Amino acid sequence: MTSQEKSSLQSLSKAVTVNDNPFMKPVEWVSLALLAGVILVVLPLVLDGFRLNLVGKYLTYAFVALGLVICWGYAGILSLGQGVFFGLGGYCMAMYLKLEASSVENTKIQSTPGIPDFMDWNQITELPWFWHPFQSLPLTLLLVVAVPVAFAFLISVAMFKRRVGGTYFAIITQAIAAILTILIVGQQGYTGGINGITDLRTLHGWDIRQDSAKFILYFVNGGLLIGCILMAQYVKKSKLGRILVAMREKEDRVRFSGYSVAGFKVFAFCLAAAFAAIGGAMFTLQVGFMSPSFVGIVPSIEMVIYAAVGGRLSLFGAVWGTLLVNWAKTSFSESFPDLWLFGLGGLFIAVVLIFPNGLAGIWREHIEPRLFRKAKGLAPVASPALPHGTPAE
Amino acid sequence: MNAALLPSSAPIGTPADDKSFLLAVEALTVSFDGFKAVNDVSFYVDPDEIRVIIGPNGAGKTTVLDLICGRTKASSGSIKYKGQELTKLSESAIVQAGVGRKFQTPSIYDDLTVFENLEISFPRGRSVFGALTFKRDAEVRDRIHEIAQTIFLKDQLDERAEFLSHGQKQWLEIGMLLIQDPELLMLDEPVAGMSVGERIKTAELLNQIIKGRSVLVIEHDMKFVEDIAHRVTVLHQGRVLSEGSMERVKNDPKVIEVYLGH
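Order-wise, the sequence lines are chains A and B.
Going by our numbering, the first residue of the first sequence is number 5, and it counts up by one from there.
Going by our numbering, the first residue of the second sequence is number 11, and it counts up by one from there.
Read the hints as simulated data drawn from the structure, not as lab findings.
This structure is a prediction, so every number in the text was calculated from the model and none was measured.
Where is the CB? At the ideal position from N, CA and C, for every residue including glycine.
Accuracy of the hints is not assured; some may be wrong.
Claimed, not checked - Below, a list of computed lysine-lysine pairs in the DSS-like style, where the Cα atoms sit at most 25 Å apart: (1) A:Lys165 to B:Lys98; (2) B:Lys90 to B:Lys46; (3) B:Lys221 to B:Lys46; (4) A:Lys254 to B:Lys145; (5) B:Lys164 to B:Lys211; (6) A:Lys61 to A:Lys254; (7) B:Lys164 to A:Lys254; (8) B:Lys98 to B:Lys164; (9) B:Lys211 to B:Lys92; (10) A:Lys61 to A:Lys333; (11) B:Lys211 to B:Lys233; (12) B:Lys264 to B:Lys233; (13) A:Lys241 to B:Lys164; (14) B:Lys221 to B:Lys264; (15) A:Lys29 to A:Lys241; (16) B:Lys46 to A:Lys254; (17) B:Lys164 to B:Lys145; (18) A:Lys165 to B:Lys83; (19) A:Lys333 to A:Lys218; (20) A:Lys241 to B:Lys145; (21) B:Lys90 to B:Lys260; (22) A:Lys254 to B:Lys98; (23) B:Lys90 to B:Lys145; (24) B:Lys221 to B:Lys233; (25) A:Lys254 to A:Lys165; (26) B:Lys83 to B:Lys98; (27) A:Lys29 to B:Lys145.
Said to hold, decoys possible - Partner residues aside, some chain B positions facing chain A, computed with beta carbon under 8 Å: (28) Pro133; (29) Gly135; (30) Leu142; (31) Glu156; (32) Asp262; (33) Val268.
Generate coordinates for the entire structure from the input sequences, incorporating the hints supplied.
This is how it looks when you write it as structure tokens:
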């Protein structure tokens, strides 16, 4: 019986790797179910409204970490400026919400009613041109993704067509994060400056400050995250995913197999930007403001650490890593606020030195083998779920 | 269109009709900071010809291949492939025109399986969108199995490429080129570091895949060169020193002095 099982598993695994390219392996379906179960069922049941909202906020960073798995883990492009795209997505959403909160009726005490309060304080008397598109919700939803992706496209085309890569690219992305922060802070009248865009109230008339709205937004966020995971999984499983890995290892070989390497790098970078932007928009909706402190170098590097801790080659690991680091950050900085940065630094060093594949690596190398050894009886239960292929017995 | 049409001595100057050659390299020069690594090199490759380039270290052999496949840009001169100028094209466009290149050290993807290595080289879905929607259909599988058979790796399809032996890695890279089905195949030291057995198998492999294409090989192993070469071009200090059949080149006093003599 056991030898039969063994041979059936062997032939199945052979069929899976040689002839089939399933969308997800059984173990990945289990990981997805586990993650979805925790995010959409367990946490909402266990946590109070405040803590759940906090988890919702953490999960918006998971979008960024997810993008980094594709961009950094798979394609080997380290970006230290993902905060830029998170921030741009968040700002796009915040601009719409701010305009809705700044109706003529709400702002009648201003010298120019109908424009955001910070513009009025800065002696601006007319809505700047680039704010106009954000009066429309459909257009805003489009721009939330389109603006950061367009920006990512410009940066990456300029860099990758010239074959700038590796450390140089990382440094440039970091510089862009710094520049954008300075720009936002400096242009207070147009951007809300260092305070960011605050006092956001309603989304198309729906009050996002009430608890029920936060509860619903949490689920919207969770659903979008799982959607993005599935999208990333599709990319990872496609030939494009394998080309990214190939490019990471032997860029020249890929080029001399007839591919334009720059195009694939641009795609990976833009996809990561799109994910980050969705996260940023969901952050604004759930937390109720957006400020330059989520755009700059420090948050961008923290986001890389989330992906590194989770495992930069694992989509699910990135989400768990984000949750874990943020949970640690919150509980640590509640009791030892000064020590947190050291803790974060230590964590990063530990990841690099001791477990380079992060949580996902620990899981794959240490926990999974043990689980499967213990749960031998589980194998026959799992096998019917596998592709039909009846093994020769 | 065979040997009869070819100038049997080293050709200097432009032949009347470029198109009778698969590859026409003329007055090719590249200089790195004033140093001319390749200096006024001209040679012509026929359809279905196996041409071997030999020469001492630093003669500019690999640089010539780099120039043809677009990895290095020429300072002057021209490279015409089926009448099309290659010096202006990007690397990927040159590959798509039908030129394949194997590197000196086996250049394969360690983290992918042999199957996946071959699949990436399959000439379909080379755009970003094409790669996203690429389907691993019967045509792809059949072709990969066929190639794997040719390169002696039928039983290793499922293995990660990093676990292959050195010789197998070289064959895999040749297979990755074969699946592209190039008309001009360029191999940089395909038997370097191989055992005698592997070398014989490789010669057999090359003779088998030559049909319908030209091959440009850089090799130091003279026994191997004698086995496969139709004609030989000798480079020395960036220039063509001699050209012709192996027999002729072997007996050329200049070649003996700089290369074969020691």
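Evaluation of the provided hints:
{"no.": "1", "hint": "A:Lys165 to B:Lys98", "verdict": "holds (16 Å)"}
{"no.": "2", "hint": "B:Lys90 to B:Lys46", "verdict": "holds (21 Å)"}
{"no.": "3", "hint": "B:Lys221 to B:Lys46", "verdict": "violated (35 Å)"}
{"no.": "4", "hint": "A:Lys254 to B:Lys145", "verdict": "holds (23 Å)"}
{"no.": "5", "hint": "B:Lys164 to B:Lys211", "verdict": "holds (15 Å)"}
{"no.": "6", "hint": "A:Lys61 to A:Lys254", "verdict": "violated (38 Å)"}
{"no.": "7", "hint": "B:Lys164 to A:Lys254", "verdict": "holds (24 Å)"}
{"no.": "8", "hint": "B:Lys98 to B:Lys164", "verdict": "violated (39 Å)"}
{"no.": "9", "hint": "B:Lys211 to B:Lys92", "verdict": "violated (31 Å)"}
{"no.": "10", "hint": "A:Lys61 to A:Lys333", "verdict": "holds (13 Å)"}
{"no.": "11", "hint": "B:Lys211 to B:Lys233", "verdict": "holds (14 Å)"}
{"no.": "12", "hint": "B:Lys264 to B:Lys233", "verdict": "holds (20 Å)"}
{"no.": "13", "hint": "A:Lys241 to B:Lys164", "verdict": "holds (24 Å)"}
{"no.": "14", "hint": "B:Lys221 to B:Lys264", "verdict": "violated (33 Å)"}
{"no.": "15", "hint": "A:Lys29 to A:Lys241", "verdict": "holds (10 Å)"}
{"no.": "16", "hint": "B:Lys46 to A:Lys254", "verdict": "violated (28 Å)"}
{"no.": "17", "hint": "B:Lys164 to B:Lys145", "verdict": "holds (21 Å)"}
{"no.": "18", "hint": "A:Lys165 to B:Lys83", "verdict": "holds (16 Å)"}
{"no.": "19", "hint": "A:Lys333 to A:Lys218", "verdict": "holds (22 Å)"}
{"no.": "20", "hint": "A:Lys241 to B:Lys145", "verdict": "holds (11 Å)"}
{"no.": "21", "hint": "B:Lys90 to B:Lys260", "verdict": "violated (29 Å)"}
{"no.": "22", "hint": "A:Lys254 to B:Lys98", "verdict": "holds (24 Å)"}
{"no.": "23", "hint": "B:Lys90 to B:Lys145", "verdict": "violated (35 Å)"}
{"no.": "24", "hint": "B:Lys221 to B:Lys233", "verdict": "holds (22 Å)"}
{"no.": "25", "hint": "A:Lys254 to A:Lys165", "verdict": "holds (17 Å)"}
{"no.": "26", "hint": "B:Lys83 to B:Lys98", "verdict": "holds (8 Å)"}
{"no.": "27", "hint": "A:Lys29 to B:Lys145", "verdict": "holds (18 Å)"}
{"no.": "28", "hint": "Pro133", "verdict": "holds (6 Å)"}
{"no.": "29", "hint": "Gly135", "verdict": "holds (6 Å)"}
{"no.": "30", "hint": "Leu142", "verdict": "holds (5 Å)"}
{"no.": "31", "hint": "Glu156", "verdict": "violated (15 Å)"}
{"no.": "32", "hint": "Asp262", "verdict": "violated (33 Å)"}
{"no.": "33", "hint": "Val268", "verdict": "violated (31 Å)"}
In summary, the numbered hints that this structure violates are 3, 6, 8, 9, 14, 16, 21, 23, 31, 32 and 33.
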